[in-house]
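Going down the list, the sequences are from chains D and G. First residue of the first sequence? That's 1 in the working numbering, and the numbers climb one at a time after it. First residue of the second sequence? That's 1 in the working numbering, and the numbers climb one at a time after it.
It should be emphasised that the hints constitute simulated quantities derived from the structure, not laboratory data. Check each hint, because a few of them may be wrong.
For chains that are exact copies, the list does not tell them apart, and a pair is met inside one copy or across any two.
Once the Cα atoms are required to be at most 30 angstroms apart in a straight line, the calculated DSS-like pairs of lysine-lysine come out as [what the hints assert, rightly or not]:
no. : residue 1 : residue 2
1   : K762      : K321
2   : K740      : K582
3   : K178      : K403
4   : K321      : K740
5   : K651      : K321
6   : K62       : K403
7   : K546      : K501
8   : K514      : K631
9   : K403      : K550
Because the structure is a prediction, the values reported are computed rather than measured.
Listed here are the chains, written in short residue letters.
Protein chains: 2
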Amino acid sequence: MKKFFVHVFIGVFIVSCNNDSVKSGVFVENISELEASINNAKPGNVIFLKNGIWKNVQIKFKAEGVENNPITIKAETPGKVFIEGVSNVKFGGKYLIIDGLHFRNGYSPSDAVIEFKIDKKTIGNHCTVTNCVIEDFNKMSRDDADRWIQFWGRHNTLKNCYIKGKTNRGPTIRIDLKGNEHINNYHQIVNNHFGPRPPKGGASGETIQIGDSYSSMSPSYTMVANNLFEECNGEVEIISSKTNFNEFRNNVFYKSEGSLVTRHGNYCTIDGNYFIGDGKNENIGGIRIINTGHWVTNNYFYNLKGKSFRSPLAVMNGIPKSPLNRYNQVTDVVVAYNTYINCDAPWQFGVGQNLDQKNVLPPSEIRSSRPLRTLVANNLLYNEVGDKSPIVEHDQADGVTFKSNIINNKNVEFVSYKGLEPKVFGLNKVSDHVFGATGINDVEPYQGFEFEKISNDLFGNSRKNNNIIGAIVSIKDPNILDKTKYGPSWYSDEVEAKEPKTIKVSAKDSFQSKIDEANSGDIIILNQGKYLITKPLVINKRLTIKSSNKTKTVLYYAGEENSSLFQLHPKGFLALENVYLKGTTTQQAFASLKENMYTHFGLSVTNCEISDFDFALKVYKQSFAERITFKNTSISNCENGLELSEETNDKGDYNTEYLTINSCQFTNVKQNVIDYYRGGYDESTIGGNLILTNSSFINCGAKEQNGILINTRGIVNVDISNNTFKNNPVKLVALLWGAKNNYHVNNTISNSGKILVEEHLKLKLMY
Amino acid sequence: MKKFFVHVFIGVFIVSCNNDSVKSGVFVENISELEASINNAKPGNVIFLKNGIWKNVQIKFKAEGVENNPITIKAETPGKVFIEGVSNVKFGGKYLIIDGLHFRNGYSPSDAVIEFKIDKKTIGNHCTVTNCVIEDFNKMSRDDADRWIQFWGRHNTLKNCYIKGKTNRGPTIRIDLKGNEHINNYHQIVNNHFGPRPPKGGASGETIQIGDSYSSMSPSYTMVANNLFEECNGEVEIISSKTNFNEFRNNVFYKSEGSLVTRHGNYCTIDGNYFIGDGKNENIGGIRIINTGHWVTNNYFYNLKGKSFRSPLAVMNGIPKSPLNRYNQVTDVVVAYNTYINCDAPWQFGVGQNLDQKNVLPPSEIRSSRPLRTLVANNLLYNEVGDKSPIVEHDQADGVTFKSNIINNKNVEFVSYKGLEPKVFGLNKVSDHVFGATGINDVEPYQGFEFEKISNDLFGNSRKNNNIIGAIVSIKDPNILDKTKYGPSWYSDEVEAKEPKTIKVSAKDSFQSKIDEANSGDIIILNQGKYLITKPLVINKRLTIKSSNKTKTVLYYAGEENSSLFQLHPKGFLALENVYLKGTTTQQAFASLKENMYTHFGLSVTNCEISDFDFALKVYKQSFAERITFKNTSISNCENGLELSEETNDKGDYNTEYLTINSCQFTNVKQNVIDYYRGGYDESTIGGNLILTNSSFINCGAKEQNGILINTRGIVNVDISNNTFKNNPVKLVALLWGAKNNYHVNNTISNSGKILVEEHLKLKLMY
């Protein structure tokens, strides 16, 4: 039953909305009470959800609040209400707030976890989600797409939320503009903490997508401000802006593998953002520009090493008279008052030209339209180690004007440009990652058209009376990594380091029980003995399994045909060391689940022997591991080797980001010795990665139907070096993709065909 | 020298700007004085141009006025200052006004007659052209393109001007948005009178073009309001809106052959305009919709008979993922509260689908994307004569929702649609062309999203408390054709009817002197006699030339080879009656000039005989006649007949709108008997027109290289009926274009090949 009460919360509420009318609170304990309360809700009402787990709840929040008197659904104690199971929330109405919920251990039954629409006629406007967490709330399979927050309507807000762990297809947040009800939306995405989104292994892994190509003509006016994006590595675009007049202000992109991309739409403002790299990772990008009229001002770029698509400033070439869903020419873009510290070749123009691929690509993919009427002015570059080419022209930057840009290149010469002048100046450390320049006051900033509108610097200091080059006029610590500024007040993403437990197993124990008993991170030690295993070992947590001493414990597997000795479940990360796995020729040594791989697994195999299996490794469709590693391991007498090739719908997906094989021996593996596949033409994909080194392949590939020993079709990064191939009855050792990062060095090949490099691979177009 | 004076004008000026500071006036007599005055001009200055003709003046109006204190260049007496010769005006600066000038007898040396830019850096902003006339200010040849008013910058205004007679290539007015200086321009084009713009005979004859496909993503906010468009027949688009957020309000489109078209760009407002037809002319169109988000409200459509592209409301299909310069899908369009009186099939959807031409067109020309999320509501249709199909679906209108539309179809049944309900109601005549409905107050208007923003009706009456279906809530006379509301106060386009003078010529007179002596409209009577003419007769005015009695006077022409007996100059309109023209086989009976045909000519030949010429008619490239007519005339023993086929660059151009041949005899014409050509694929072209009836062709085409007697390739409208073709040694009498309006009926053909109809013609793509 409902309990009506006047409560301590009410006082809090009054303060929060600066309104001294008395609010009424309702306390509900289950979904039917909640529904009844929603039905009866009046402006100013607060509906409190009882602390605890709310499982399988589909909340239709249909109500009508008013300005300054919203209707709120709130956790009894913020962070103590858990939404789990098959659950979602939909808004329909005005001035509605969801506050303090924690979504976990579940997934949405619909296209979205939180959606600002109930149906076509029942749209949320002026609605807010605040102080919530959504964590690992993935659909059961990677291709089952959804969004976690789906915006519709106008004036909706997502603020102070923590969101992490999306691995299935679909942007974490999407704003939809199809229909006049959804344009000019002025949505706010502010003060959120976007925690890690691991690589999806293919497209459609954005953290925020605003519109799509079909609504790219629509005015959006979405504001994305003061958010922290931390390790948002889902795909090449962290934010994909696809509509007009969006604003991106004062966000921090921290070690996120991707870029803020103006993919479609025009006239966006990208002002005062931080792009922080680690000085090594080439996947961490900056801002990539397509289309017309964007202003990139007051941004700060630090320690970025991305290239081409992922360069700190990537200005693309367009397709002449581009189709709606491809790449318009860049025109009328302004890049002004930005600071680049220790970034390699930060300005790249004519990115994605593709002219060298004109024989394998349709004309619609050749980007020959260079940027026009683009102004790059008053920017500051500082390189601790001088950069020989701070500007890279993939195509001529003849439509770009450079004015009053300065660079301290530590006296290293670089290709000179009118408008980028070398200058000696110093740096002041403001805080970790943030440095301001000193001694540049004598350089006069260029006054471009409407530059007076760039009125403040990165920190909000006025430029009026004290203007200088670069993002920072005067220094103060922006505390960009102070996590109390982002996400819910009640939540911290910091986890306490825990000492791993060691669990000993002997041959007579139930191995699976011991695994079940272990916590994530624990170590299982196998005492010597004869292990006969008849059912798959389920791995659904992070475990290390190793032999008790240097002698490899032998695990004999006598399970069913097509079953696997180690069955890798979502969140199952197995490190196996110093173990001998022996099958009876019809099973798999390691395999993912055939379905319901709702999030990632991982596998590391070191100092092991694997023999007499049907597959050494079988990764099923829609399974994804960030890393799969085999080291100092022998694989012998198997029908198949490492098989990761089921993503044949050619939508750009693949099964592991990094497949690393070092110092391994493959002997008498008959087919699919290594079969790693990515299909679909999508130049923005940057994976997968095969590193195959110091290994030997002897008498392998006898049954390989396509005649290629190492299959890497469509994989972007391949390194085959220092291996030995001997007596493998195949036509080719490998067929590599020259235009991408496919290399082979120092391999010894005898009686095994050869390694062929095809410069341009013809792939199925995805668009 | 300059004369400084305090002048009666100043008082006038003060009133006009509501500012009582004393203004200084400068009086200038020539261009150098003007230039000096411009150089010295201060805010508030008025520079008066002395009355008279200013020839070959190129005015660079570079100065800096301020708000409420502009700098003005003004006619001493408005309308008494004539700008002639090679002249133009360019603005650079702020708050500048041009007032009271009359441009005539000349052309611009640059791309524009009046341009709001001097160079890339010197742009006009807040500048105004008012109270001016631009008349027949054409370049010397049709393909030499220009604009008469070229907008750049922001907040510029064209008001109370009269503009007519553009025949050369290029829109009369163009707004350019390339560059951030030119977007969000808020230009005003208001209270102008756009007088006749004759058909151009091909594309690029718009009256107003706002942006282009390359700037179609830019926000424009151009306002076109309260203008009269009278016989603006230049091409299929009277106004071509190609950017975003433009507004078209309260304009009158009076008997103008074309439409207001949202060709590119989105979110335009088309509110309160009048589209007035004559109940017959199918070229007079209404509003044609492409792209997203337009609102078509409160418009009034009367007596329109246009179809397909020219229907009162033409909603096009788009090309899937259209290239930038082609046709985007229609989405999110609102058509509400409009009134259609006596319009045939006023609502046409899926216009331009082209699916039937898929074998001859590239995929990029097949428009298969139907309108989406489009709402047609609260409109009123009245048909004095019932219409069986008020709605035409060229493709399914399944993305269109109809709500609360009513039709009085005089009980004639029509294909029924949910949302278009038959209703009996009356009409009240408000004035010529304008009628309001009575008895419709019982129909509840549909309340669509943001319909509350349609706050007023066509006449500005509030809809708040008294809302009804259709454009008119309550009646008052809008005086739409009261010409004192449009154009300069000092100018009237009404010309006094003048009785034609009759001039008699005898064989011994100088024929040319008599022609020179005649005024436009006069009649020259040829007394009987033997006329031997050795030089071309120059026709540069409207003249009728005829024999004094029923006996055909013979004009023997012995001019040079390749010269023409009648040389048709720009503005030369010749009606020749009852005359025999006889050459010596090497000349032309009629020809246009080879060059400098800066405006149209015309030709009508009745009851004549033409023999022994190289060409009966030779129309040179870039010459254009609205009508060329031969009636009851024989053409015999000529090498060539009627030759109008030089527009071979295939840009859609042709040489006459109507070529009419009725009751003529062609005998022994060896080639190009009739050769009339239009090249280039451009489905929006609606010309030319060949009407060939009741004529005979005997022993013709002996030397015709292509084997076709009547050549009409690319001509859209062809009617070949009731003719006799006998003993013509050709393969085909004609090759017609089935998909267009090409017909042949009741022809008698013997020993002359046949008439072939090819359904779809493959033409060179123009885009």
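Now for the hints, and whether the structure bears them out:
no. : hint        : verdict
1   : K762 / K321 : both (24 angstroms within a copy, 23 angstroms between copies)
2   : K740 / K582 : neither (38 angstroms within a copy, 77 angstroms between copies)
3   : K178 / K403 : between (40 angstroms within a copy, 20 angstroms between copies)
4   : K321 / K740 : both (27 angstroms within a copy, 28 angstroms between copies)
5   : K651 / K321 : both (25 angstroms within a copy, 19 angstroms between copies)
6   : K62 / K403  : between (54 angstroms within a copy, 26 angstroms between copies)
7   : K546 / K501 : within (14 angstroms within a copy, 117 angstroms between copies)
8   : K514 / K631 : within (26 angstroms within a copy, 107 angstroms between copies)
9   : K403 / K550 : neither (66 angstroms within a copy, 81 angstroms between copies)
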